[in-house]
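Asker: Each chain is listed here by its residues.
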Amino acid sequence: MEDSRVVPVTLTVNGKAIAREVEPRTLLVHFLRDDAGLTGTHVGCDTSQCGVCTVLLNGEAVKSCTVLAVQADGADVLTIEGMEEEILHPVQQGFWEKHGLQCGFCTPGAMLTASYLLSTHPHPSEQEIRESLDGLLCRCTGYETIVRSVQRAQEIMDERRESADRETRAI
Amino acid sequence: MADVIGSALKRHEDIRLIRGKGQYTDDMKIPGMVYASMVRSPYAHARIVAVDTAEARRVPGVQAVFTGRDLKDEVGMVPTAWIPPDSDMKMTPHPALAYDFVRYAGDAVAVVIADTPYIAQDAADLVRVEYDAMPAVTNPRDAAKEGAPLVHEDIAGNVAFHWKAGVSVDEVFNKAEVVVRHEFRQQRLVPSAMEPRAAVAQWNAATDELTVWVTTQNPHIHRLLMSGMLGIPEHKLRVVAIDVGGAFGSKIACYPDEVVVSWAARKLNRPVKWTETRSENFTVTTHGRDHVEEVEVAGTKDGHIQAIRVKAYANLGAYLSTAAPGVPTILFGLIVNGAYAIPHASAEVFGMLTHTTPVDAYRGAGRPEATFLVERMVDLYSEAVGMDPLAVRKINLIPADAFPYTNPFTLQYDSGNYQGALAKALEMVDYQQFRKEQDNLRKQGKYVGIGFSTYVEMCGLGPSEVAGAVGFQGGLWESATVRVHPTGKVTVFTGASPHGQGEETTFAQIVAQELGLPPEDIEVVHGDTAKIAMGWGTYGSRTTVVGGAAIHMADQKVIEKARKIAAHKLEVGEDDVAFEQGLFSVKGLPARTVTFQEAALDAYLAWSLPKGMEPALEGTAFYNPENFTYPFGTHIAMVSVDPETGDIELMRYVAVDDVGIVINPMLVEGQIHGGLVQGIGQALYEGAEYDDQGQLLTGSFLDYAMPKARFFPKFETAHTVTPSPHNPLGVKGVGETGAIASTPAIVNAVMDALAPFGIHDLPMPLTPRKVWQAIAAKGGTH
Ligand code: FES
Ligand code: FES
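As they're listed, the protein sequences go chains A and B. If you're matching positions, the first sequence starts at 0 in numbering that gives the first Met the number 0 and goes up one per residue. If you're matching positions, the second sequence starts at 0 in numbering that gives the first Met the number 0 and goes up one per residue.
The following block holds chain B by itself, in its conformation from the complex (with noise of 0.2 angstroms):
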């Protein structure tokens, strides 16, 4: 049998969701059920005068209104679950209905129980909702500045917490030569998944237990959190989440919406159900990114990076959520000395609140922040010191052999081989010629330009010591069950909670080369709480990294058994037998075989096991990571801008990543390419606004510009293997790197354009508008 791990399998979840079989939240149905909407404030800050339901409740078909006051008593605060510490974080209280003030525009007051979704949407809006309107903050270093509106009263200066790490950088940037600082605007975006989010709940009264679908990342931290809300014992309260249609972060956090159905469910004695309209999804669903950077780098005039000093202001909106303060420290600030041997640097971020939607993780949360500033920084630094932005990201990369390697920050990277990455990218790229030909175009008028980006990120999260060190509530660690059948047929549980990245696949894989057994003859199983004892769900590219090695560590565990049954079947000492492609054999003796599945059913039949041995066959392991992984690599991206228009063309994109072992290659290119086009949607079109009224102006697709498939070209990646040293599986994990590298490769590459014009820097994203009245203001083409 060829290797099962490193081909590319076409994915089994895809039998069902390509014939329209996937169960996604919104596409259940039980007998009896009725439908949620929710009334929402239109104003981004204003104290709740009062509520009149009656209207609302007079309308056919109506069952139940309820208000923030009807659940006060009965539901707890919808709790934030990452405390950095050492931060003097102030707790936001959320109630899932707001019943004094509202704090964002979509914060929910209400909610409308009925018959039919159009019933209940309808009443809705009938609801009357008499509001104070206040002022508003939407900008996270304005809402810091003296008099600004206030989010919750009593948390002064509108700071959840100030955060530091490293050491005091100020006498390396008194001495140093050359210093360059730039601020930075890191854009909110909105993460659109293309399902909106959905719950439905249903109490079965005669157990006393409630059961949520809903469309989550991860079902027991949800079950955790609802519990602890809804004074449900954890044990009588079971999620579910079987199809998730993408999620990119913004279905980690527990929202007050499926926290007011399961309580109306068990209220009403009726399941309910809420899906979330796409509008809602751009108001309530959290949002990522939102930064004001203060960046300054100190160096040598030959191009020596000496330290690396961040200030940043985050915004994490009206309410902290599940897992916000997380993202802008420790995901954020210990990592932007990027790839490169800084020997100095320190970080220090304000978490803002303001009147927006809350923030919280998106594809990347933090290092794609941390991986932006330091890029650019670069080549505003080689621009300074008048080197090519190439050659200074040589002089200053990681070398290869000082991996293990501690950066600044104590974090320790743990294999890698940046040049080996950079150098592969070369090949695919004539770096010299295109400089002669960008000098040939500029002389008749036409701009292009290329940028670097020479990643690296900390993933695979991750040690469940560091999530307690920093602050995580929660371990980061990950379980699974390897099932044996009789017959030899596997199904695998895993806590990891895929939805989108084909894990049903990459997992069965893991299994079939382990145990030598066809990919079809294993079964994977996961998002529901009820069959998988524990697990802390699918972000951070966690998934194949720590789930993925769990699943490892069971089939250690099922062979162990089996080989012991199989020596006994063989009348030799268990040391004796071999295991190879589901075949024990007498070492020596090849001629003297048990299968896996003769084996199984031995276990199961039990009429022969070796003396004290327990029955069946199955393994369950808890595999809790010693390091993060961090995989890396180069991107390049190759631009032209049109200076008549602002247009910008991405010519070619070129991707290199370096992300460990790799299981199956085309769901690996997949991810890359998924988040290329996030990545490259931040640098080019995307961008949520806000009004000074705290009002999102970019509200749906026709006003947030999602990336369409005419705006690229083909990509073109390729890998460096550089296994993860400390992972059972030698993989790093690819979720994020694409979103990770390629944003600030898209600027480097504009503003390289752009030079001739003299200009450094833009805000993102460079909307052809901008990019025109850039040029414009630099006097135009002459």
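Chain A with its partners taken away, still in its complex shape (with noise of 0.2 angstroms):
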């Protein structure tokens, strides 16, 4: 479609360049969805309370319904199909072990949420896990496996801490 309106975005996501025309109103969560094609991050309300659109961007949990793609020219987001790198994350790893997830609709939000959470507050109490996750709905999981997922994927990041520092230590 011809739209004079349109204006040029530059978003790093996942570690790519991605460069776009969107109108000025384009949200973030549809920019990812349906410019650059990232399904993962999904919309779950149109006020803001849901939270299933987490994202980071810049390294802070956001929800991407409520920035607009143009706010975060420039920006880096990290969504959940950048979460994995050689293995899964372990935050993913949490919430495989401990059933974290039943639809999974909540899942990315509650995910890059707990990531945030974690590189922030390594090791967080129950209570505090509960609260982070406030800005969350899960209607599946009566939450309490979301949480035992945070406190493994705690648990994974500490294992995998050690283990890379006794690698180093052996060099």
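No lab work stands behind these hints: they were computed from the structure. Positions of the beta carbon are idealized from the N, C-alpha and C atoms, including for glycine. Take these hints with a grain of salt, some might be off.
Covered, in the sense of this in silico footprint (three residues per stretch, anywhere, with C-beta under 8 angstroms from a C-beta of chain A), are these stretches of chain B [unchecked claim]:
no.: 1; region: 8-21
no.: 2; region: 557-571
no.: 3; region: 663-669
no.: 4; region: 687-701
no.: 5; region: 711-724
Both chains are given apart, each in its own frame, so use the hints to dock them into the complex.
Answerer: Here is the structure:
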């Protein structure tokens, strides 16, 4: 469609630069899903309550439905598709092991929220985990298995850190 | 190999879901796709005077605007698929797009189709609809009153049906020592699956075939109903639902939206996508519950309950949704005696039409309403006779030696040990100690309470003969094909349509156990009418019970054939061949073996098969259950109430559930947790409210209180195991127990805490404001 009201934006999404021309009102979540083709980030509401759209924007957890793509111009975005490196991210592994998901629809938001929590509070208490999930609605799990998943993710992080340390010492 | 059934395997479906590779309907993108946005009525009741689409059409990028008049002669009415017999049910004609009257706020009157979703939404705002607003009614009992505005002109008194079950209990009541009467408002709930509904339709002009990807719990039912509405024969219509982001009953119904986009896709010969907004989900996707119930219990002075009589006004909204009439009748009225040996019972239900969003199944569907009223009445009756509610439960629970137990409505409870589950729960909670502490705390002005729910529910829907007898316009059996490939890998095709329950894993466990294969060699396919011959879907805790049993039967056919092949190869009689853990062996000669994989390869090569045997190896089975299954258990809630603020804190929650044999304990626990939060959500937080004009006041997550993580303590769960005697796997179903059992346990606990104030009941949800006001009205904390 011909439209003069489009503006260019360039974002680094999961380490890859993505340049597109978008309508100024385009929400980041729609940019990710429709322009970048990354449908792992979901939309669950229209009032910024559910948190299923959460991504990391320059390392901080944000609801991508509350950010315009143009506001994120030049930013670094991490979505669920970018979590796994060579092996599953500890949060992904934790959610898998502890049944942190059922339908999986809130899961991208839940996992990015969790990874942000663990990057800022390496050893959260159960209560802190529950409070950190305040911006997330999950209708399936009852949350307890999400809490366990986050706790397990933290253990895995510690385990991986230790074994990395051991390897460094061995060299 | 260790037993696969009973082990907490990690889920197979998670491998894609934790990587963001799920295939939800809204993720679909097809070249040339256009987007639909609905124009919806802001009025709960109005006559449509005129619809002006000119301005919307002029918006660049708009492909088409259709109104009710465009569809009227080409699309059939949205049907109701449940017609309770002997209820004189009236059909409520429901056009996919309204053209004469709108009957609830949200009723669609036009659709805009455009190049992008943003343009479609912009243009939808420019469709000018002139309405002649009319008065509305929203409460089901008010709707029955003389002079109430009619929802459908020709349905007198707004009564869609009047249904009765049981025999007259008047005489028992007349003679009873104690009669307790109470009225309950079973509030309206919004199911709120996190994935809004969506539909993508693609027409293939070369083959005259339509494919619809849609958020559904039952693709084959969708195909059947849509085929009728669209006039597209079933074999030319494919319905697909791969990943569905939760449903809880709200994705059973066939909605106008998917019918409209399907019709438009054919009309425009372009793929059309429609995705619901959350606001639409609140106003258009079916709601749950919403009864006004008048309940009476008759009993002796020493705690024996003799009869229960229920009269309910069930709010069904503006149109009868797909399964709506079955929910407050068969799934509610027939089980109002609960887990108790109450000899006499009767139920009477008025299916009421109002100017509100249609009401259909929501997790538990009828059974939470029944369980709530009987569990609450047991407590109110206990209070009336001055007995402990636990003691009254012990007296009245159906004894373990009474199974199979025929209830007053002739349901046959398959198996149970209700005392066993109660005993186990009481091992986890020191009841006497709690009562002592409660007394002490009261003296200090602190109020704690304990509440029980010793429930039973009927699920595993269900025997098809019964489905027919109670008016469900379909079967309730399930299909399975277990296809063994030449290498011994297996694809399972199921007619169930899981959407979060984890059946790709549970079903693989059944097959792995029975065929002696590693679970990773098994793939489960569901949710596609082109791949699966027929199926009735996932609801009513039926998937493992009915779908799983079908897989078990298909497995047996596979084993039987493979055994013949193995016997042929081993040159012995079939009866001399044992099969264990994936290995056929000659009985008594364990060294002579044929692996399952070898038998599979032989079946496909067909170089040397037993005389007359057809090649290939697969089993197809259709399992029609002979009865429902009846999970049960004891839930105990402990709460404290702050009289200064009305705040309720959930201190402990203990759930002992007996769901028969457990295939994957981790998944079963997950189902219970999810159900608990929804059930507790009803007790404490959630409730949909309308104003007098029929405007939904709780139309967003800002106003509708969805439970959050910090509202809950750790749940304490445990099981007893009483297998279902008629189910080949011994399973009973677990999808709904948590939601069914928990609501009354919580309310009973809160009322127990508030007893010193003389408060015996409050309408749900028990918000701090309501609790505080009730305490204040009783004179406060002094
Ligand atoms: S979509 Fe709900 S908060 Fe972003
Ligand atoms: S797993 Fe379904 S909403 Fe969270």
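Asker: Each of the hints needs a verdict: does it hold here or not?
Answerer: Okay, the hints, checked on the actual structure:
1. 8-21: This one holds; 11 residues, not fewer than the three required, reach chain A with a Cβ under 8 angstroms.
2. 557-571: violated (count 0)
3. 663-669: holds (count 4)
4. 687-701: holds (count 3)
5. 711-724: holds (count 3)
When each numbered hint is compared with the structure, a violation occurs for hint 2 only.
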